[in-house]
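Peer 1: Going down the list, the protein sequences come from chains A and B. Residue numbers 1 to 318, in the working numbering, belong to the letters of the first sequence in order. Residue numbers 1 to 288, in the working numbering, belong to the letters of the second sequence in order.
FYI, nobody ran anything at the bench for these hints, they're computed from the structure. Errors might be hidden in some of the hints.
Pair ranges (Cβ atoms, derived) [claimed, not checked]:
{"id": "1", "chain 1": "B", "residue 1": "S182", "chain 2": "A", "residue 2": "G139", "range": "50 to 60 Å"}
{"id": "2", "chain 1": "B", "residue 1": "P256", "chain 2": "A", "residue 2": "L83", "range": "32 to 42 Å"}
{"id": "3", "chain 1": "A", "residue 1": "H200", "chain 2": "B", "residue 2": "I254", "range": "33 to 43 Å"}
{"id": "4", "chain 1": "A", "residue 1": "V26", "chain 2": "B", "residue 2": "H113", "range": "30 to 40 Å"}
{"id": "5", "chain 1": "A", "residue 1": "K8", "chain 2": "B", "residue 2": "I109", "range": "44 to 54 Å"}
{"id": "6", "chain 1": "B", "residue 1": "Y272", "chain 2": "A", "residue 2": "P269", "range": "30 to 40 Å"}
{"id": "7", "chain 1": "B", "residue 1": "I66", "chain 2": "A", "residue 2": "I285", "range": "22 to 32 Å"}
Even for Gly, the Cβ is constructed at its ideal location relative to N, Cα and C.
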Amino acid sequence: MKKILENKKLYQLLIILFMLVFPFLVGNSGYFMSLFVTACIFIISAMALNLLVGYGGQISVGQAGFLSAGGYAVAILSHKFGLPIWILLPLAGVITGIISLVIGLPAVRLRGHFLAVATMGFGLSIPQIALNWESLTRGYNGISVMRPQWLSGDLAFFYVIVGTTLVIAWIISNIVKSGMGRAFVAIRDSEIAAQSTGIHVAFYKTMMFVISAFFTGIAGGLYAYWFGYVSPQDFNILTSLLILGMVVVGGLASIPGAVIGAVLFTLIPHFTDKFIGMTNIIIGIAIILIIMYRSEGIVSFLDRLKSPEQDDQVKGGV
Amino acid sequence: MQIIVSGLIIGFVYGLAALGLVLIYKTTDIVNFAQGEMAMVTTFMSFVFLTQLGMPYFVSFLLALIFASLFGIAVYQMIMKRVQDSPPLNQMVLTLGLFLVINGIAGLIWGYHPRSYPEAIAGDPYQIGTVFITLNEIFMVGLTFILMLFFFLNFRYAKIGLAMRASSQDTVAAELMGIKVSHVFMSAWAIGSVLGGVAGIMTAPFIFLNTTMMMDVLILAFAGAVIGGFVSLPGAVIGGVIVGVYENLVSYYIAPELKMVYTFILIIVILYVRPQGILGGPKFVKKV
Chain A
1 MKKILENKKL YQLLIILFML VFPFLVGNSG YFMSLFVTAC IFIISAMALN LLVGYGGQIS
61 VGQAGFLSAG GYAVAILSHK FGLPIWILLP LAGVITGIIS LVIGLPAVRL RGHFLAVATM
121 GFGLSIPQIA LNWESLTRGY NGISVMRPQW LSGDLAFFYV IVGTTLVIAW IISNIVKSGM
181 GRAFVAIRDS EIAAQSTGIH VAFYKTMMFV ISAFFTGIAG GLYAYWFGYV SPQDFNILTS
241 LLILGMVVVG GLASIPGAVI GAVLFTLIPH FTDKFIGMTN IIIGIAIILI IMYRSEGIVS
301 FLDRLKSPEQ DDQVKGGV
Chain B
1 MQIIVSGLII GFVYGLAALG LVLIYKTTDI VNFAQGEMAM VTTFMSFVFL TQLGMPYFVS
61 FLLALIFASL FGIAVYQMIM KRVQDSPPLN QMVLTLGLFL VINGIAGLIW GYHPRSYPEA
121 IAGDPYQIGT VFITLNEIFM VGLTFILMLF FFLNFRYAKI GLAMRASSQD TVAAELMGIK
181 VSHVFMSAWA IGSVLGGVAG IMTAPFIFLN TTMMMDVLIL AFAGAVIGGF VSLPGAVIGG
241 VIVGVYENLV SYYIAPELKM VYTFILIIVI LYVRPQGILG GPKFVKKV
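Isolated chain B, as found in the complex:
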């Protein structure tokens, strides 16, 4: 039981990161492989605010998120905007290049030594039945839930969500309807970057803070997003949770070192049965 609950909690973090990926993909049609590294930089920034400038946790948390949104906007304005019409493969490889650059620069600035990162809310774990859970973990799940709900409702009902959906369907038509598509894309990048940043700050206490910390999280978030179907916001969170629980079960019952192998098998099996993911909707095939 404890294993499943811990899996759920870490799964929510994957779901959060996956949510950022899906949001960017759904709006701008770009799969952002640099997401994890952007989140890593955000986490480092919050660490700098926290320790070197001595700010309280929530101030540094908010400042880091503001930084994340600016970072997302900068990436979009400087690089992604120019390749918006390139073939998907080029865009994908471009984000891989971005991944290398960000990772390298972060390594130059912050070095390669792992550091410990504080939890949001310290405190002893509570016991509920047979399960131990800390306040911090409750905070994480709650935050993910609120963010997910917020973005889901926004995407579905608010004007910016409508604009996002319109731009993702047809940029030209959206522009003719008076939507400033580049602003919409920019906000998608900002929000995606913030979501990744939150996931990074949540993950940092579990694994030490270093430049490669988001590598595994990113891959598992990708797995979650793919399982969820890559176009569905709730699907991303559900996929993330599935991956989290599954990964924890594998670690406990089979072998912790082989969790990536088993996650890969899970991806292959799910995608073989349903190539569009669990909540991917009907499969669209581009006509000639």
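Next up, chain A with everything else stripped away, as it sits in the complex:
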């Protein structure tokens, strides 16, 4: 029995299976599928932010800016040039990655709350730019996005999103294990020590922002395609705070942690929607309680099930 509980592969398989049969479990209900898609988008964003915060030790309170940028990149490019989706999604990531240099380059010199405020300013600026650059973004009206013919069905596109989420999860878990991931952790633990072992701190810090923005941009693109519409207020400062909350509540420097946090924070509004104004209170209380009593995040409950030698993940605070 214990063997089965410890089997990581089995869990992964079960989760993938669940994701694949989900539309049939809820009878193709549009509401639940949208909820699931929102969760997937937040899972990608939270994993990307976790790369930055959990592994790299850099704080960002502006992830929503990257989501917006990705969404707008898809909307504008598909509108103006009619590029196909399989070019547009990676392109949205690349464009967001380039935009992230605005914040990634100065971030090399900043740390702690200075970085928090700078990224917060970035997250606040993107909606304002989207609102006021009317020739490009159509301001308040937003832009509608058409899905290509062969993906116009919700079910088909649902699988595109699930597939993308899984692929990104796989890529991120590999980045973390690669030399680059180790460099991130080294920078988090001590910049001086990292530098003295020959890690190019400035380069890796910028790379962290670019990679994180790349995946978040793709998530934004998926959002635009699924809901068929982008507007300046889709992702505001509160979204940035929520994504940061997901990472910390789920568990820093842990991919399952990011997934748990994202799913939890997507589900809470679903249950509290009936009471206006309760959503933020419940999420806020959840954040406060977790940090006060379980500062390693929810994922640390899972670690108890495992035996210590299997726990080979890179752990630690920032």
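Given chain A, put chain B in place with the hints provided.
Peer 2: Same frame as chain A, but now just chain B:
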């Protein structure tokens, strides 16, 4: 000229809010993102005293500030005290959670309709040269100045200031020297909360009173604090004033809707040139 003077005046309010942030950070090493929401609650309390209980302005002002200090103490005692030794990121996210809770509860109690809030001193503006200025604005600047001076002198010369500086440097050593560190931290939270509350009450007449009123003020106060270096009390006020004037100039000459974007550019430029802020002092790097 008028633009610069109005910018200066609103800048002093940002400076006041920034002062509260810096004071809490400097003493307890916690960056308080919930500061703006705490100030918003204080402003609402003063509004309740003022309109529903019909008290005169200055009585309700003082009562609201007493409430603010108690609120700050409560937040410290109930929540912050327990995470004093957590990593900075956790503390930061915790105050973000607090921000959500306070904002949500205030929304439940007071609703989401904006209300108008009276000025401290009503009266027609005076004309000095080409500049119009109201008594209320003079009162605001004066109050900020007095508070700033008071806290600066206290921090520098009084015993409580010395205790605060000692506790921020090394809690263990401070405790060994007979300083009750938790009392010092508690008073930092109380004072920080009061300063934020004053800033909130000063801002309320300009923008309508509602639950999101302090969001922009908080962000601009943060910008001010960061520009000032985050550890320097005069720096916080100077940074706040810079942000206020700059924001007003941008609104007038470029576009009022884009002021956040330009403020962001200002932050990035200043921090890129001087990562520790204008009055941040030398940059310390933690050794391995």
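Peer 1: If a hint holds in the structure, say so; if it doesn't, say that too.
Peer 2: Evaluation of the provided hints:
no. : hint                        : result
1   : S182/B - G139/A: 50 to 60 Å : 51 Å, holds
2   : P256/B - L83/A: 32 to 42 Å  : 36 Å, holds
3   : H200/A - I254/B: 33 to 43 Å : 38 Å, holds
4   : V26/A - H113/B: 30 to 40 Å  : 38 Å, holds
5   : K8/A - I109/B: 44 to 54 Å   : 47 Å, holds
6   : Y272/B - P269/A: 30 to 40 Å : 38 Å, holds
7   : I66/B - I285/A: 22 to 32 Å  : 27 Å, holds
Figure legend: structure checked against the earlier numbered hints; every hint is met.
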